[in-house]
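Just so you know, the protein sequences line up as chains A and B, in that order.
Note that the first sequence covers residues 0 to 489 in numbering that gives the first Met the number 0.
Note that the second sequence covers residues 0 to 489 in numbering that gives the first Met the number 0.
Don't read these hints as lab results, they were simulated from the structure.
Keep in mind that the hints are not guaranteed to be accurate.
One copy or any two copies: either way a pair holds, since identical chains are not told apart in the list.
Each computed BS3-like pair below joins lysine-lysine, with the alpha-carbon atoms no more than 30 Å apart [claimed, not checked]:
{"hint": "1", "residue 1": "Lys414", "residue 2": "Lys199"}
{"hint": "2", "residue 1": "Lys136", "residue 2": "Lys335"}
{"hint": "3", "residue 1": "Lys295", "residue 2": "Lys382"}
{"hint": "4", "residue 1": "Lys343", "residue 2": "Lys136"}
{"hint": "5", "residue 1": "Lys330", "residue 2": "Lys295"}
Number of protein chains: 2
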Amino acid sequence: MAKELTTRQENYSQWYNDLVTKADLAENSAVRGCMVIKPYGYAIWEFMHDALDRMFKQTGHVNAYFPLFIPKSFLSKEASHVEGFAKECAVVTHSRLMSNPNGNGVIVDPESKLEEELIVRPTSETIIWDTYRNWIKSYRDLPILVNQWANVVRWEMRTRLFLRTAEFLWQEGHTAHATKEEALTEARKMLEVYAEFAEKHMALPVIKGIKSANERFAGAVETFCIEAMMQDGKALQAGTSHFLGQNFAKAFDVKFLNKENKLDYVWATSWGVSTRLMGALIMAHSDDNGLVLPPKVAPIEVVIVPIYKTDDQRQAVINYCVEMKERLEKKGLRVKFDDRDTQKPGFKFAEWEMKGVPVRLAAGPRDVENKTVELARRDTMEKMEISENGMEEKITALLEEIQENIYQKALKYRKDNTVRVDTWDDFKKNIENGKFVYAHWDGTTETELKIKEETKATLRCIPLDDDLEDGIDVYSGKPSKRRVIFAKAY
Amino acid sequence: MAKELTTRQENYSQWYNDLVTKADLAENSAVRGCMVIKPYGYAIWEFMHDALDRMFKQTGHVNAYFPLFIPKSFLSKEASHVEGFAKECAVVTHSRLMSNPNGNGVIVDPESKLEEELIVRPTSETIIWDTYRNWIKSYRDLPILVNQWANVVRWEMRTRLFLRTAEFLWQEGHTAHATKEEALTEARKMLEVYAEFAEKHMALPVIKGIKSANERFAGAVETFCIEAMMQDGKALQAGTSHFLGQNFAKAFDVKFLNKENKLDYVWATSWGVSTRLMGALIMAHSDDNGLVLPPKVAPIEVVIVPIYKTDDQRQAVINYCVEMKERLEKKGLRVKFDDRDTQKPGFKFAEWEMKGVPVRLAAGPRDVENKTVELARRDTMEKMEISENGMEEKITALLEEIQENIYQKALKYRKDNTVRVDTWDDFKKNIENGKFVYAHWDGTTETELKIKEETKATLRCIPLDDDLEDGIDVYSGKPSKRRVIFAKAY
Chain A
0 MAKELTTRQE NYSQWYNDLV TKADLAENSA VRGCMVIKPY GYAIWEFMHD ALDRMFKQTG
60 HVNAYFPLFI PKSFLSKEAS HVEGFAKECA VVTHSRLMSN PNGNGVIVDP ESKLEEELIV
120 RPTSETIIWD TYRNWIKSYR DLPILVNQWA NVVRWEMRTR LFLRTAEFLW QEGHTAHATK
180 EEALTEARKM LEVYAEFAEK HMALPVIKGI KSANERFAGA VETFCIEAMM QDGKALQAGT
240 SHFLGQNFAK AFDVKFLNKE NKLDYVWATS WGVSTRLMGA LIMAHSDDNG LVLPPKVAPI
300 EVVIVPIYKT DDQRQAVINY CVEMKERLEK KGLRVKFDDR DTQKPGFKFA EWEMKGVPVR
360 LAAGPRDVEN KTVELARRDT MEKMEISENG MEEKITALLE EIQENIYQKA LKYRKDNTVR
420 VDTWDDFKKN IENGKFVYAH WDGTTETELK IKEETKATLR CIPLDDDLED GIDVYSGKPS
480 KRRVIFAKAY
Chain B
0 MAKELTTRQE NYSQWYNDLV TKADLAENSA VRGCMVIKPY GYAIWEFMHD ALDRMFKQTG
60 HVNAYFPLFI PKSFLSKEAS HVEGFAKECA VVTHSRLMSN PNGNGVIVDP ESKLEEELIV
120 RPTSETIIWD TYRNWIKSYR DLPILVNQWA NVVRWEMRTR LFLRTAEFLW QEGHTAHATK
180 EEALTEARKM LEVYAEFAEK HMALPVIKGI KSANERFAGA VETFCIEAMM QDGKALQAGT
240 SHFLGQNFAK AFDVKFLNKE NKLDYVWATS WGVSTRLMGA LIMAHSDDNG LVLPPKVAPI
300 EVVIVPIYKT DDQRQAVINY CVEMKERLEK KGLRVKFDDR DTQKPGFKFA EWEMKGVPVR
360 LAAGPRDVEN KTVELARRDT MEKMEISENG MEEKITALLE EIQENIYQKA LKYRKDNTVR
420 VDTWDDFKKN IENGKFVYAH WDGTTETELK IKEETKATLR CIPLDDDLED GIDVYSGKPS
480 KRRVIFAKAY
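Can you build the whole structure from these sequences, using the hints too?
What follows is the structure in structure tokens.
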């Protein structure tokens, strides 16, 4: 097999890079840190996009579109916001090129210098709250429940396909509310939407939690997050939902007349997930043969490969396969019939395994005769022979089973790699071994940073679903009210 | 009515600006030339996006995503391409901001200057063909049929919402082929897709044609286009499809082994439509009461307004309306029940007229009693009383009739405002009067530019569906083989 991957055990990081390339998901471009999302990778993203978009609309949100550029002065209006983003900004300074007077090519026309520099949006709170000022006069104009699908740019120095790229695709919800309670409810609601999407569509178990002050979004009062475990035990933040308080309303002077006819600042949330989720999807489920896709986000759910040797056999097998394809499509399944005659079946098997197609069917002359078909499931690599009679129902049910199995497998993996520790030695050992560590923390940024310095573990979140429990900080020995999760992270 | 528009007759241009604002479609942002597409405007764009995306996929195309940035040196690789875009480029020169050492705010960190400037894509031929070089080795890798949905930036000096903005949303198809014939067929096929979309979905009659050399896309061998007439008689280019020959393959050294095992340059097309179509949609159909939407792109097809005076009446009327809403939604219609109690029915009527909802239903206590409902169609402003019995079928059929009527109205308008002229005096008079003028042209750029200089009319296209006809150029008196279309244009 030409497309062999580095194994996970050999080199997890290289395995990921190999897989992204060999499954035709994405590649690096000529522009530093920017990726090309290839058609197969983009098709998966489209399924994620469409499912999320439906969920946003079902929860009352509408889409809109705001400018790519943010005036430099806007960024500095919210103090912690600019601090968070200033060091990774793509800055537009000129608006024209001209022929190089010294010869070939073009140079930037110095006369086209902009009066004020523009930043390519790293996130859109500032330009959106500048716009909302004109949309909001009274409580009757609230809530505003807007989402935007867009590209954003953060000038990262060390990039990895999907996980950390200078440009990425995402959605950013920006909502405006009359009361603090309503905004908090919205932020929590969207966290639930993200968790449901991750678990039901991506088959990705997530932990819902609150970020520590140190890990909070630049400009937020509270950041909620979902955290997932990858197969190397590292955490990946899969989505965040921020309660922004009145920070941006104050920075952009967005006031409204409340029901008591008094002027007040508007309350805000923002929330986003990005093409980073593609990285999570790949790393959570895939194996040494390639991608493993949950059926709900698989561009192809079933691939059919014909097997024949002679021309005589060919037509009968192809007819048989085409008929199966049509029957499955009638049931609403996404089916690919791989009838290329330039490749052998073995090559095709390996290719579709690499691309993570959940179910593969293969049929040869004997299958035509016996009215059977060979079925291979990608998640377990099991093969079985099934009768073509009633195969639509069998395969439909199997796809649901596969979806659930992939989820359960990831959940078991996380459980097996999660520990509660109460001593600093245990803490260090388990972090070193790639575990999610539930440990007591004294609540200070100081301790959090020292732990990070000594172990490279970050405080992933304060889990929302856990009970309070008195204890002692594993590092500082100071009192603690609850356990939090530490892990190494992407 | 508070939301009154400037009439078309009074000031067509102001009418358009008023309408875009008052129908809540878009507004100018704080960033020069960049617009905010508001939720209602964006919802219409989503219908256009989804319909086009389906059509692209049905014709074998897949989506992908390429970087926002283009290295400056890439732009200059295709000579006419850079000439076409150099004067309107947003140029990224730095990657960091820093605190202003002199006081408040932030400044661009001079140490973060990029080695090579990046251009925010005005179109993506260059970055895509740089990528295709690695994708294409042999004829087996062809064709590549890729589309991208993206934002692009062209630093326009004079901007208008939707029609001409510095940033706009669009799709750009970029295909690669083994032969000239196949590429030409593709370019023509996508022109047909655009024409079908415009006519069937947007109810916008279009003329398919070829651009003159002077109006050709920068880097194309041939540019096909669809041209539509607006209600002031001006033309609007609603989509273009380019046959690029081997220009970009040569500029980016993209060769392939053909079936004869010889190296050859790859043949290319590109094709695009943008949020400019929103401008066309608005200007082609709307009237002095506001937007008129063809049902197929209407976010709301039917709006229901309850009418009552007393609290006693209220509940019965609301129940009656809700039931109608549910029945219509069961038929797959997009229905809004406007149950706001903060606004009177007259206000609501005007608002939904402004927003172009194709069908309005209004029901009061007498309707509840008589099992009737008042129906108003937006395109003709006719009102009628219909029985609630069987109203789903009536309204479904009516929506189709409205779609067709809007198309026929626009088609009639174009026919009524199209003339064939054979003298220069007639030419000037008719251009002045806002007509599409079919005239003989000698085929030279020189004549084309002189005509433009004297009349402001541009050569819209050489129509594809017309017969050849010998004649004499209306301006130069030189011989001509066919008529072409001149008009003033957006």
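Within, between, both or neither: Lys343, Lys136 at alpha-carbon 30 Å: between (67 Å within a copy, 20 Å between copies)
Alpha-carbon proximity context of Lys295 and Lys382, limit 30 Å: Answer is within: at 21 Å inside a copy they meet the 30 Å cutoff, but 47 Å across does not.
Identical-chain pair category, Lys414 with Lys199, by Cα at 30 Å: within (18 Å within a copy, 54 Å between copies)
Homo-oligomer pair classification [Lys295, Lys330; C-alpha up to 30 Å]: both (15 Å within a copy, 27 Å between copies)
Identical-chain pair category, Lys136 with Lys335, by Cα at 30 Å: between (54 Å within a copy, 24 Å between copies)
Hint compliance for this structure: every hint is met.
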